[in-house]
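Enquirer: Take a look at the letters that make up each chain.
Protein chains: 2
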Amino acid sequence: MAATWVPDVSPDSPFSLANIPFGIISSPANPAPHVAIAIGSQVLDLKVLSSYPDFDDLFPALKNYPGIFSNSTLNEFAALGRPVHREVRSTIQNLLSAETSRPEILKDNLGLRQDAVLPQQKVKMHLPMSIGDYTDFYAGFHHAYYVGALFRGPQAALQPNYTHLPVGYHGRASSIVVSGTPIKRPFGQIITDPTAEPKHPTTAPSRRLDIELELGCFISIPNEMGSPIKVTNAEDHIFGYVLLNDWSARDIQTWEYVPLGPFNGKNFATTISPWIVLADALEPFRTKQIDNWTPLQGYLNEGKEENIFGIELQVDLETPQGDSTRICTTSSKYLMWSFPQMIAHHTLGGCPLRTGDLLGSGTISGPSQGERGSFLELSEGGRKDIMLQGMDVRRFLKDGDRITIQGVCGEPGQKVGFGECTGQILQATPQL
Amino acid sequence: MAATWVPDVSPDSPFSLANIPFGIISSPANPAPHVAIAIGSQVLDLKVLSSYPDFDDLFPALKNYPGIFSNSTLNEFAALGRPVHREVRSTIQNLLSAETSRPEILKDNLGLRQDAVLPQQKVKMHLPMSIGDYTDFYAGFHHAYYVGALFRGPQAALQPNYTHLPVGYHGRASSIVVSGTPIKRPFGQIITDPTAEPKHPTTAPSRRLDIELELGCFISIPNEMGSPIKVTNAEDHIFGYVLLNDWSARDIQTWEYVPLGPFNGKNFATTISPWIVLADALEPFRTKQIDNWTPLQGYLNEGKEENIFGIELQVDLETPQGDSTRICTTSSKYLMWSFPQMIAHHTLGGCPLRTGDLLGSGTISGPSQGERGSFLELSEGGRKDIMLQGMDVRRFLKDGDRITIQGVCGEPGQKVGFGECTGQILQATPQL
Chain A
43 MAATWVPDVS
53 PDSPFSLANI
63 PFGIISSPAN
73 PAPHVAIAIG
83 SQVLDLKVLS
93 SYPDFDDLFP
103 ALKNYPGIFS
113 NSTLNEFAAL
123 GRPVHREVRS
133 TIQNLLSAET
143 SRPEILKDNL
153 GLRQDAVLPQ
163 QKVKMHLPMS
173 IGDYTDFYAG
183 FHHAYYVGAL
193 FRGPQAALQP
203 NYTHLPVGYH
213 GRASSIVVSG
223 TPIKRPFGQI
233 ITDPTAEPKH
243 PTTAPSRRLD
253 IELELGCFIS
263 IPNEMGSPIK
273 VTNAEDHIFG
283 YVLLNDWSAR
293 DIQTWEYVPL
303 GPFNGKNFAT
313 TISPWIVLAD
323 ALEPFRTKQI
333 DNWTPLQGYL
343 NEGKEENIFG
353 IELQVDLETP
363 QGDSTRICTT
373 SSKYLMWSFP
383 QMIAHHTLGG
393 CPLRTGDLLG
403 SGTISGPSQG
413 ERGSFLELSE
423 GGRKDIMLQG
433 MDVRRFLKDG
443 DRITIQGVCG
453 EPGQKVGFGE
463 CTGQILQATP
473 QL
Chain B
43 MAATWVPDVS
53 PDSPFSLANI
63 PFGIISSPAN
73 PAPHVAIAIG
83 SQVLDLKVLS
93 SYPDFDDLFP
103 ALKNYPGIFS
113 NSTLNEFAAL
123 GRPVHREVRS
133 TIQNLLSAET
143 SRPEILKDNL
153 GLRQDAVLPQ
163 QKVKMHLPMS
173 IGDYTDFYAG
183 FHHAYYVGAL
193 FRGPQAALQP
203 NYTHLPVGYH
213 GRASSIVVSG
223 TPIKRPFGQI
233 ITDPTAEPKH
243 PTTAPSRRLD
253 IELELGCFIS
263 IPNEMGSPIK
273 VTNAEDHIFG
283 YVLLNDWSAR
293 DIQTWEYVPL
303 GPFNGKNFAT
313 TISPWIVLAD
323 ALEPFRTKQI
333 DNWTPLQGYL
343 NEGKEENIFG
353 IELQVDLETP
363 QGDSTRICTT
373 SSKYLMWSFP
383 QMIAHHTLGG
393 CPLRTGDLLG
403 SGTISGPSQG
413 ERGSFLELSE
423 GGRKDIMLQG
433 MDVRRFLKDG
443 DRITIQGVCG
453 EPGQKVGFGE
463 CTGQILQATP
473 QL
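Chains A and B, in that order, give the protein sequences. Numbered per the numbering used here, the first sequence spans residues 43 to 474. Numbered per the numbering used here, the second sequence spans residues 43 to 474.
One chain only, chain A, in its complex shape:
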C-alpha cells in the first residue's frame, strides 16, 4: 500500500491508508452527527466530501443514497453489503493516496481539503451504529478454561457444551456507549459474607468491578426470521469490527446469575471503540483459531482453516494519580469460535439478525499470566494483588481508574487498528 498525502500520519498510527475505518463524528462546522473515516491523526468528513459536485461519479454504488453520509449512524451504509463497502473503501484509499489518480478532487483541492480533512481532536465521536440487539459470546478459550478452573477445578473447567457450540447470551443494547464515556460504578445486591447460610444480600456499590477485553462484530445484511445463515455465507453478513469492554460487576453477577445468566452484573455499561474497521481491512491478518478436538456439527464447519484474526491486544490501567500500567498483552487469535460460526449458531433456529446488531467475542485471554483479559483472571479470583506503577495494587477497579484497550495488526506505516476503547470509573451515586 502506497503512502498517503495526508499530513501527520505516524508510522505507528492504527489508521494507515491500509485501514480506512468508518465512524460517526460531529464537528464545529457540522454539529449533527454524520459519517467520517479516520486517517492518521485526521478524519476525512464524508458528509463534507459528498458536497463535492462529482460525488456520484466518484461513488457510483451510492448514487441512490444521496444522504447516506449525513446519517447519524452507519446502519444504512452497512446494509448495502460488503461489495459496496469494498468499493467505497477502495475509492477513498485512492483519493488519499500520494499517487492518487484523482488529485483534483481532494489532494490538490485546498478548499475542500480544509473543510473535509479535520484533526481528530477537533471532532467528537458518537456511537457508530443504532444497535438493535447485542449478543455476547464466550469464545475466548483460555478465559473460559481459566475462569472455569478457578470455580470448579481444572478437571471440570470447561462445561460439556463448550467445545460443541459457541456459548452465548443476550446482552443489553441500551447501555452500549462509545469510548470515552465515563462508567458509573453500579449498585447491586451483593453477598458480603459468602460463607453465611442462608445467604444474606445487601444493596451496595459493587466491590468487584471488572473489565472484559473483547472483539465486537457488527452485522450488515440481515437474515429473515426462520432462515438461518450458512456458516460459509456468514462473512457476507459482517460489516466490521470494534474493540469492546464488557464491564462486569462480579459480585452482583455471582449472586444473580443462577439459573438464567448474567443480568445487572453486565447491563450497566458496555464500551466500544468508535471506529468500525471494515471486514476487508482485516482480511490480511487471518489466522487459525484455537484447535477444537471435538468433531463439529455440520452447520459449524467452515471448511477452511484461517477463520479468525490475529489482532495484538493490550489493556492499560491509569490510576487516579496518573500512573499507567500495561496489565494485559494478548491476541484475538485465542478464540475457539470464529464470528462466522457464532453467526451460523445464532441463526440456526431461525433467529433474525438485523443490520447494526452487535456480537461480542467473549473475553479474550492468552495462556500465560500477562495475557489475561479480566481482573477476575489477573487477580486469580480476587485472591492476588496485581502490581501497578506508582507502588499501587489492584484486585478489581477503583473509582477514578481509567481502562484503555487497544488493538492493532500489521507493519509500521501499514497498520490496521482500532484506536482506543477507553472509560474511567466514576464513584457510585448514593442511592435513592
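Keep in mind that a hint or two might mislead.
Just so you know, same-sequence chains aren't split out, so a pair can sit in one copy or run between any two.
In silico BS3-like links for lysine-lysine, alpha-carbon gap of 30 Å or less [stated by the list, open to error]:
#1 LYS226 / LYS426
#2 LYS226 / LYS440
#3 LYS241 / LYS272
#4 LYS426 / LYS164
#5 LYS440 / LYS241
#6 LYS272 / LYS164
#7 LYS226 / LYS272
#8 LYS241 / LYS375
#9 LYS346 / LYS105
#10 LYS241 / LYS426
#11 LYS440 / LYS272
#12 LYS330 / LYS241
#13 LYS346 / LYS241
No wet-lab data here; the hints were simulated from the structure.
Given the structure of chain A, go ahead and fit chain B onto it with the hints provided.
Expert: Coordinates of chain B only, in the frame set by chain A:
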C-alpha cells in the same frame, strides 16, 4: 361506565368502553401502519379521526404532535407519559359513549364514522412498538417452584436468590412478533440420549417445543443511564400491558444454558398480543402479589400491598384436526414480583430503559394441575400425556398445533382484556 353507541359490542368483548387499548393497524383505505384503538368488534382509526378539523381542541395534549397517530409504532405516544395517555383515553371514552358530550364529532357524524370505525376483521394488526430491548423475568412463583422441584426436588426447588430479587435475563428483541404470525419449529443442538457420557449432541428440529404464558409490560418514559428508577415512581414509566408467549425449545435450552442462560432455546420467536392495554385501564383490578417471606431490600419495597393485577388467563390448544382444548386456566395474581419491582431492580445499577422496551413477567402458573402455563409443567417434565379433545394427547407441541392465550378482567359489558395472543407451529425447514 356507560354503554357505547358503537354497534356489535358484545358484553363478553374484552374491548368494552372501560378498556380502550391501543394498537397499530393497516386498512384498505390506509395501508401504511398507523394508530387505532379497539372497541368491541370494531376499531376506531385514530389517524382518520385526526383528520377531523377540531382534533387539536379535542386532544389539547397532542397539539404539538400532529402526526402522532400516523406513526407506524406507538413509541412517540408512549413517551408522552401517563397523564397524556389518561387524558386521551378519557376523551376517546367520551366520544364513544352513548351519552357523549360531543355527539357531533363522531356519534352523529356519519361520514367520519364510516371512515374511522372499521370492523376488526377488515384491518391487519402490526407489532405495536419498536422494541429496543426485551427482558424476561421469572416472577411466576408457582412456575419457578414447580420447575425447580422437577429438576432438583422440592427442598431445593427455589434458588437462594429467588425471594431476594426478581430474577431476569436479557431476551431477543428482533424475534418478537405480533399475534397470528406463524412460528417455525427451530433446529438446534439437542442431546437425544441424556444418559450417554460424554454428551453427544445432534442437530435436529426441537422435539420439546413449548409455550410460556406471560404478561408483558411496555416502558413509556425512559431513564438516563446511571439513574435508577425508584420503585415508588416506576408506575410513571409504564405505558401498558400485553399477553406474551415466550416460545421455548426445552431440549435446545437444556444443552446450551450452562453457564450463561437461555439462548437459541428462546430467541427463535416471542409472540405478543396486538392491543396494548393502558396501565390506567387495569387499575381497578389490582390485587396482592404472592406473599414473600423474605425481608425486602429497601429499593424493592413499594410500601403498599396491591401491586399486581388479577387478570384471568387461559391457554387453548387447537390440533391440526381442529379439536380445541383449554389446557390452562390461571391468573396473573400468581406473580411474586410486581412490574414496579422488576423496573426498580433492572435499573438499580444504572441500566437505561428506553421507550418501547418490553419486560416479560416470566411464566405464570397457579398451584394446581390445570393452572400451569407451560407444557414442561403440564406434562410433568415431559413424562405424562396431556389429554386433549379428539382422543389426542401431547407432551410438547406438534407441527400444526395452534396456541391461543387470552386474558381478561371485569364484569360483562365492562370487560378489560387483551384479545388473542395466538400462533400456529409450522414444521421445521430442512436444514442447509
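Enquirer: Taking the hints in turn, state whether each one holds.
Expert: For each hint, the structure was consulted:
1. For a Cα distance limit of 30 Å, the shortest separation of LYS226 from LYS426 inside one copy, 25 Å, qualifies, whereas the shortest one across copies, 50 Å, does not.
2. Only within a single protomer do LYS226 and LYS440 lie at most 30 Å apart by alpha-carbon distance; the minimum there is 11 Å, versus 48 Å between protomers.
3. Only between protomers do LYS241 and LYS272 lie at most 30 Å apart by alpha-carbon distance; the minimum there is 25 Å, versus 46 Å within a single protomer.
4. When the C-alpha separation of LYS426 and LYS164 is checked against a cutoff of 30 Å, the pair qualifies neither within a copy, at 42 Å, nor between copies, at 68 Å.
5. Only within a single protomer do LYS440 and LYS241 lie at most 30 Å apart by alpha-carbon distance; the minimum there is 26 Å, versus 42 Å between protomers.
6. For a Cα distance limit of 30 Å, the shortest separation of LYS272 from LYS164 qualifies neither inside one copy, at 43 Å, nor across copies, at 39 Å.
7. Proximity of LYS226 to LYS272 under the C-alpha cut-off of 30 Å is restricted to the inter-copy arrangement: shortest distance 18 Å between copies versus 40 Å within a copy.
8. Proximity of LYS241 and LYS375 under a CA criterion of 30 Å is satisfied inter-copy only: 27 Å between copies versus 40 Å inside one chain copy.
9. Within a single copy, LYS346 and LYS105 get their C-alpha atoms no closer than 36 Å, and across copies no closer than 61 Å, so neither meets the 30 Å cut-off.
10. Taking identical chains as interchangeable, the C-alpha atoms of LYS241 and LYS426 lie at most 30 Å apart only when both belong to the same chain, with a minimum of 25 Å there against 36 Å between chains.
11. Taking CA atoms no more than 30 Å apart as the test, LYS440 paired with LYS272 passes between copies only; the shortest distance there is 26 Å, against 44 Å inside one copy.
12. For a Cα distance limit of 30 Å, the shortest separation of LYS330 from LYS241 across copies, 26 Å, qualifies, whereas the shortest one inside one copy, 45 Å, does not.
13. Taking the shortest alpha-carbon separations for LYS346 and LYS241, only the inter-copy value of 26 Å comes in at or below 30 Å, while the best intra-copy value is 50 Å.
This entry does not satisfy hints 4, 6, 9, going by the numbered hints stated previously.
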